[in-house]
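Novice: Here's the letter readout for the chains.
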Amino acid sequence: MSAGGEQAALERIDRARRRPRAFRDTHITTAHGAGGKATHELIERLLVPVLGGGEQLAALADAAVLGVGGTSVAMTTDSFVVRPLRFPGGSIGELAVNGTVNDLAMVGAAPLALTLSLVLEEGLETEALRQEIAAAAAAAKSAGIEIVAGDTKVVGRDAADGMYICTTGIGILDPRAALSPAGARPGDRLLVSGPIAEHGVAVMLARGEFELGAAVCSDTRSLWPAVAALLDACPGGLRSLRDPTRGGVASALNELAQASGTAIVVQEELVPLAPAVGGACELLGIDPMYVACEGRLLAIVAAEEAGVALAALRSVEGGDEAAEIGAVEPDPAGIVLVQTAFGSRRVLDMLVGDPLPRIC
Amino acid sequence: MRFAAEYRDGTIGRAIARRLADVVDPDRLYKLMEICGGHTHTIYKYGIGSLLPANVELVHGPGCPVCVIPMGRVADAIAIARQPGVILTCFGDLLRVPGSDGTLLDARAAGADVRIAYSPLDALRIARENPRAEVVFFAIGFETTAPSTALTLLRARAEATSNFSCFCNHVTIGPPLRALLDSPDVFLDGFVGPGHVATVVGSAPFEFIPAEHGKGVVIAGFEPIDVLQAVLMLLEQLRSGRCEVEIQYVRAVTAAGNQRALEVMDTVFALRPQFEWRGLGFIPDSALRLADEFAEFDAELRFGVPGVRIEDPKACQCGEVLRGSIKPWECKVFGTACTPERPIGTCMVAAEGACAAYFNYGRLAAGARAPEAVG
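If you're matching them up, the sequences are chains A and B in order. Taken in order, the first sequence gives residues 1 to 360; the numbers are from my numbering. Taken in order, the second sequence gives residues 1 to 375; the numbers are from my numbering.
Note that these hints are calculated values from the structure, not bench results. Just so you know, nobody snuck in bad clues.
Chain B is faced by these chain A residues, among others (derived, beta-carbon under 8 Å):
#: 1; residue: Ile13
#: 2; residue: His27
#: 3; residue: Phe342
Each pair of labels, with its calculated beta carbon distance range:
#: 4; chain 1: A; residue 1: Lys153; chain 2: B; residue 2: Ala295; range: 49 to 55 Å
#: 5; chain 1: B; residue 1: Ser162; chain 2: A; residue 2: Gly150; range: 47 to 53 Å
#: 6; chain 1: B; residue 1: Lys31; chain 2: A; residue 2: Ala8; range: 20 to 26 Å
#: 7; chain 1: A; residue 1: Phe210; chain 2: B; residue 2: Asp285; range: 31 to 37 Å
#: 8; chain 1: A; residue 1: Glu121; chain 2: B; residue 2: Ala110; range: 20 to 26 Å
Think of the CB as a built atom: it goes at the ideal place given N, C-alpha and C, for glycine as much as any other residue.
Put together the whole structure using the sequences plus the hints.
Specialist: See the structure below:
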């Protein structure tokens, strides 16, 4: 075996990975909605170029920040197609509000108001709709925001799966926030606000396809209290935030590593994971690092602020299991590595394919 | 996790690694093949290569069920899926395997009803819930998964589920190993044997390897400590001049195997005289079809299956990877034209495939290791 040959092959692969390519898929598949590589290709190679990619759009942040009469306003939009509509720990109405609030929170904006647009399937039970609207109202109240406008459409039977919800959210950028997906610097630390993979596993088990009886609840919650606590504790040291939804922790960290040109190294044994969630993932052959959360955040913070940032995360409700799980290194740029408990390191790539469709 | 964490303990791993260094003869090279794709996955996921002495090399064998499916069978499955009223069910990995005209995922995007089944029983449930559809299960795998397909067909017959059938692609582990050992470009010193297959077939079917070919076999479990211990046991065989079948995976494997599983397979399946393997060509007596008494559930008889044979793409070197004669990174298209997102060869599709495992887990470890591996 020639080590030189292998090295040359590895360099060839890295060149191929960096090469910009046109969008070549002839049809949309579920993989394009999974939040991994196919989703990124669709956005970066088709949607942004065809839209004429302005600076805001091309940044691919969770929300855009617009200057409106001297105020920085954050704006985001989201849609929710989860099946089933209700699952342990949450439902589509609650998810729609929390998911939108979290996109605003991830750029450092205090959520202000949102709109709710409903696509209802002919035959949906009124009581099911009433429950979801009540769930959305309760989530909005708990997040301290108002639902200010909406729209309703009804489509024929089989043209939607019960109901879909589309939202637009606006928030006011906290003046202390200087967050960017490209913010990570070598030496920074990586924090997570709680155990991972719970939402994805809860929804999957709720479909009853696996006949697994584990008691796992979705982690859906508003992340603004956690972000506000971080901004209070260490405004200067807070570099980047992401909520690891579709594509999971692995895909979110790859986005941050690529945007910042750094390596992110995760200590596998430090990542909080409930035994039932880990067990379900193990049985199904799915790496929990690729499974969605709906109420967790990943924070990149300066090393000297990591302690206060962790204390801040633990001080908010639902944050008792927040943990420091890794660090930023200079090389290999744009790559996420996992340091295994076994003592080796491996690459943690972005999600490929679609293990769990329609989870949010 | 309890009962798994013990087998993932890095301290024990490093202790075994030190023993390995004592056992090897520094003046020779060792080439050991792990037969099963599950082992390949473990080796890359836990970076086991970096714990082995520099002169011990692990070669990836033909035991990944998705990787050995020839393109023609995928094209046949797509042809079935495109027939009106058919729901084709299969394991998720199969969706992305390219046939001559796209993948099952592409067929689904173009309108075919293709669904992921998590087990053959799951496919049978889909048949029960969709009585007006024809539900076909695209069955693949070695003796590991064949018993559950067999049990499902027994249940389908007992329940008289007439809208269920099976497109059977089950294969057996012995014949490809014989073919591999008979081919001239393979130089191996021993085998890490497939633990899951052996829980069903037992260790006896591997006895021909020491008896006829003079190579040792250690049947191993799938945690990193299992694989390291199996390598140690193989190296100890070589040092002491022994050559036999040993079982490292004693918590699951016996010499005789699982009699009940073997019986149901015997009832439901019959040997095919020939079957094509991706990259390995046609191998006699290497695959299973439904036995005549189960012909009513045979999708190949129920549907007009084209049965085409499709040459592997010219650039694809899956065959050489599966025979262990080249490493994944030595393939001309590895990592450039052939990636996990757009695989050309099957070895890049399933997580157990040697190429996908190397792409996901191995490439960086290899890069870090390269300087000391020189010479």
